[in-house]
Amino acid sequence: MAQNGETSVGSKKTRGRRGFFQALAGAGAGAVTGLAGLKMIEGGAVQAAEIPPPLAASNGTVLVRMQQDLERSRAGGGIPSYLMVVDTRKCIGCNACTIACRAENPTGPGAAFRQVVEKELPIGPRPFAVHKPMNCLQCDDPPCARAVPAGMITKRPDGIVAFDERLRGPYATAAAQACPWDQIVVDDGRTYTQNSRAPQGYESRSFVELGRVVSRKPGASTLVDSARKCNFCSHLLDAGVLPACVSTCIGGAMYFGDAKLQGSLINEVTGGRRVFAGHQNRGVKPRVIYFEEPMPGALDVTCSACHSR
Amino acid sequence: MKNENPNPQTSGSGDDCQARREWITGGALLGGAFLAAATEAQAQIPAPTGAVRPIEASDYIHTTCLQCNTGCEIKVRLQDGMAVKIEGNPYGPRAMDPHIAWNTPVAQSAKINGSICGKGQAGVQGSYDPYRIVRVLKRAGARGEGKWISIPFDQAITEIVDGGALFPQDGGRTVEGLRSLYALKDRNLYSQMGADVTRIRRRQMTVAEFKDKYKDHLDTLIDPDHPDFGPKNNQLVFNWGRLKAGRSQFFSRFVKDSFGSNNAHGHTTVCQGSIYFAGKSMADQPVNGGWTGGAKFYWMADVSHSEFVIYWGAAVLEGNYGLPLKVPKITRGLASGRLKVAVVDPRHNVLASKAWRWVPVKPGEDAALALGMVRWILENSRFDRRYLENCNKAAADADGEPTWSNGAWLVKIGADGRPGKFLRASEIGLGGDVDTFVCYRDNQPFAFKSGDANNPVEGELFVDVEINGIRVKSGLQLLLEESRSHSIAEWASIAGISHTDIVALASEFTSHGKKACVEVHRGVSQHTNGFYNSLATMGALNTLIGNFDWQGGMVYSGGAYAELGGSGRPFTLGDHPAKLAPFGLDIIRGNAVYEESTIFEGYPAKRPWYPLATDVYQEVIPSAGDAYPYPIKALFLYKGSPVYALPAGHSLIPTLLDPAKIPLFVASDIVVGETTMYADYIFPDLTYLERWEFHRTHPSIVHRVSPVRQPVINSPNEKVRVYGEEMPISMEAVFLALAERLQLPGFGPGGFGNGDLKRPEDFYLRMVANVAFGDSSTGADVCPDASEEEAQIFQKARQHLDKAVFDAEKWQAAVGSDWWRKVIYVLNRGGRWWSYEQGWTGNQVRAKFGRLVNMYQERPATLKNSLTGATLSGIATYIPIADSLGRSLDHKGAPLTLITHRIPLACKSRTISNYWLTDAQPENFIEVSARDAQQLGLRDGDKARIVSVSNPDGAWDLGHGNFKHLVGTVKVTSRIRLGVISFALGYGHWAYGSSSQVIDGAAIPGDPTRATGIHANSAMMVDSHTRSPLSDVVGGSAVFYDSKVFLVKV
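Line by line, the protein sequences give chains A and B.
Take the first sequence: its letter number 175 is residue 175 in the numbering used here, and every next letter is one higher.
Take the second sequence: its letter number 384 is residue 384 in the numbering used here, and every next letter is one higher.
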């Protein structure tokens, strides 16, 4: 339980109060009224015509279409440009994504590529809480890349920020410290069952990360001491499968796709939408963006309730 | 991966010593087999070359989750025989909305993943748990002392069957084995005696007459002076926590059909029993002058189409039935503007932030809020008059209404002014039979039958007249009078909310036609007044707008395919060569009327009787403790943890500790749990990823669904041989072995009469074949044969499974070659479901309730509370919170009402072993409102102890000087009602791998990350009369939310 009613579920590691949370800390518990971006939306349903079809569509329809988009993008032979979009109105803070990520991308205690931040806003008289899923933003101008020797962290043509196998030890630490959002972990090799009488095989299984066959057990292909983070499940993308957090999002809050693909769902949902611009203001050009849409018939709290613009 | 078990124990060659030595040499006593298996699997992982191989259909086995009771459809990705990743199964409506077409080839669906919650994702960690038990454990010390020896399976079976001086440490006490409890075996005697016990109940036969008639068989009875206790066989009690179809029938086949015990009891009342039994009562239909046929169920919203839903004591974004099933429909509805929701809950849950209105009702005062709404709706004519006037099917049909209510039916008013039974037409000379009722219109009575489809009858809604000297009122008149017992302002005051809340909720609820719902859950039912809270909320309010069976309204489940056979299906699972019909009172007095028993001795009864409820979880062990109505001899507990799960579960511990009260306690578990730690024997069970089951459906699933749970991975359990067949130890193996030893009919060769029942698959694959047969009794929708490609995918996906689990020849033999390919087709998809489109026809659901919905409940109105002797109400009513004797609760000045809540990352008793979950949420909190915290001098992060009148020390007393303290971390929040504190269920463990156990002389230390947080159930009130958990003595619910506590900073 951190200060200001903010809990980061998904990782036990202490998160810095830099960047993303600075404005938040400023808002604090005292700001009961006059909070920017807060208003009550009263009255009836939004007209159906105002809702773009993909946003009103059922999760299953969206998932199938995004998977088909992915196949289409791969079949096209061009280089995709991946984009992840989060609709926090539909996020319920359940952390299905967090756990899916841990299963798909084996990590140890206290380390995860994905967290869901829960923020309780003291905007009385009525309580309010918001949830925000977070992972590596795949910045087009990544601060982490500037913190290590050139070439260790690269931007792939598809937009994914890639770490190469030299990113270990002090380089790994430097990269982790450079991320304004604390989205890089240095793998310490610990497992959940290492101290038990029966360490479990699933924790040391081999898997593919950024094109390399790796594992978390000691050995030539070990990830121990390496910097790691979300890579949009690039091994799944290569197989035509959506990232684990996207497909498992039961609230339907996650969208993903190739922004260069004509007629893709990701383009439809982003077209003309109001998106949170806070991360852009830091000049890093993120590829994980957040909708800023009002929830019809409920309290409308925009991102600026916490974030500076 | 191949299962390398250090001690297969299958040969019976008598080399136990050798086997035992190997076991000990292996070093790991708990999960030791698993260690070996895991290590080997690791070694087998080939070093892949290249980037990544494509995802293939054979990488997955489609099955069904059981991390909670939602039972979502999942697909499990396997890597070298290991389950590494769980996905939502896109064929299933719980994991994909809309789900993909069932006939999609599995090769095409492989890359499409549905959605599954965090608990579901973490399910592999329940199987891959270092604390799993893999051999039979026998108590080595006193009950609950945490000392065990591992023993051969066959030895355990022998001891349980034959009894004897099994526990030298108990001082020579002799245990009666099952052989001596299997006293009455003759099926004819069973049915004759059962029929005569019914006669005794109806005062058509005396006990003396019975004794004389059966003088040669009195030694088979528990007590010849009380034949209504039934045979000694009833002294075997089977109690379960989570049990679904398939396993349910398999186990019941042993306990009831073959062994002849009447005592098989589930856990319904710890969940939301009072809603279930209110729903059952509302669904009963008039038959032969009585009321019957209502299923144990309740209605839920078809939220995929609703416009307005009041989620009342129902945290649908955190728990409930369940996240993947309900959440997408809600978030999509909210974000698109189609849906508006209100949250009625003292806790501001996750949905409340997305809701139009949050109404923090005072815990337990739900009926006051509901009756305030009822009053406003009735007085402002905002109800559906057209619907309510319909008295029978024909009238409903004429309006296109699938259901009708009895709100316009006339109820007789007694001399005391109390409503009783419905007026029958014959009582006023209008003819008809015992099921012909009367309504009133244009100053005259009309007779009708409820199910009459030809003669529509409509009645006036508000009637208070005398007919032939009989005072009668309509059901709606009675509801109006109840609602008028207080002004709306008074109702608001009782409920601790504002008058505006009542009017706003009532107005909005009646502004959306049939597309509005009141959906309730535990927050409404787990109170001493839960039954009537449920009738007032789910019952009265929804009935006033007649939303049943409408798209977006309250819906009945689409049900499951007829897995058990019948109507042309290939297998009849009920086939049994000598099925017994158990009789006699059960230990919880479920479905039983006190006044009809031979032990009626005035009021209050020693313990409550439950004529309207069954599966009263909190009654099983306390009733055994009181030997009421009779002592039990053996308790079998399956996948249940009543001590942990029940409110005031600590009150059960003294009984469990005492072998005189429960002489033999046999448990089935995967880890030594909070209740199974008190057992005499623990048999290791399979996890849900290692076994069969049929999860069926839930009220809000409008489609017909038969998801199948099937073996995905090997079990680490010791392999044993039963009826000559090799299998890992499981609950099925236990029952098969007991049946083999007792030579019970119904199992083994000829177990089905024509077929053998020697392996679990003999039962479950036949059920799969019935699913493959489909809906139509003519076989019109029998499923296609799996193609050769699909058959190969099936085989390849299972190549890692041990022969003792998957043997294609044996599997095929169980269903025959005609059905084998069809079975593969179903198993490849993890079950069978209606297509998405089949869920609705026009603006109604396809699977309709389609019957009478009772607004007035005649049966309750004819029954008495067994403790107070007061007649029960037939109409929704407000009853203040009270103990079993009807007295207000004395909390000795405690100021804070203790409630519980759920978080999406924890289920009650088992998810603590899932490290991904506890890493994300390492502990739970005592959530306190800012003002309460300030008054108590508590700050965020402080440690505090919860103390109550039922637990003045603020600790679980576990026996043998062991305590678990009720101390937790305080979280100060704006998101809870003043005067209420809450904690999330699932933490505060003292067993289940959190504490040390000694096995074969070696201490297995617990994992401290499994002991975090607080489980404050033991601060909840113990009823002063029953000395067991506080209960709703009508609907059966165990009471979670009516206790007041002190919170003390430590």
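Simulated from the structure, these hints should not be mistaken for laboratory data.
What you are looking at is a predicted structure, and each value in this text was computed from that prediction instead of being measured.
Yeah, the Cβ is synthetic: ideal placement off N, Cα and C, and Gly gets one too.
Careful, some of the hints might be misleading.
Stated by the list, open to error - Quick list of in silico lysine-lysine cross-link-like pairs, DSBU-like style, CA-CA up to 30 angstroms: (1) 796(B) - 217(A); (2) 943(B) - 606(B); (3) 217(A) - 285(A); (4) 943(B) - 864(B); (5) 132(A) - 943(B); (6) 256(B) - 810(B).
Unchecked claim - Sample of chain B residues at the chain A side, in silico, Cβ under 10 angstroms: (7) 86; (8) 100; (9) 147; (10) 151; (11) 465; (12) 741; (13) 838; (14) 904; (15) 1001.
Hints versus structure:
no.: 1; hint: 796(B) - 217(A); in the structure: holds, 28 angstroms
no.: 2; hint: 943(B) - 606(B); in the structure: violated, 40 angstroms
no.: 3; hint: 217(A) - 285(A); in the structure: violated, 35 angstroms
no.: 4; hint: 943(B) - 864(B); in the structure: violated, 46 angstroms
no.: 5; hint: 132(A) - 943(B); in the structure: holds, 28 angstroms
no.: 6; hint: 256(B) - 810(B); in the structure: holds, 28 angstroms
no.: 7; hint: 86; in the structure: holds, 7 angstroms
no.: 8; hint: 100; in the structure: holds, 7 angstroms
no.: 9; hint: 147; in the structure: violated, 18 angstroms
no.: 10; hint: 151; in the structure: violated, 20 angstroms
no.: 11; hint: 465; in the structure: violated, 43 angstroms
no.: 12; hint: 741; in the structure: violated, 32 angstroms
no.: 13; hint: 838; in the structure: violated, 15 angstroms
no.: 14; hint: 904; in the structure: holds, 4 angstroms
no.: 15; hint: 1001; in the structure: violated, 15 angstroms
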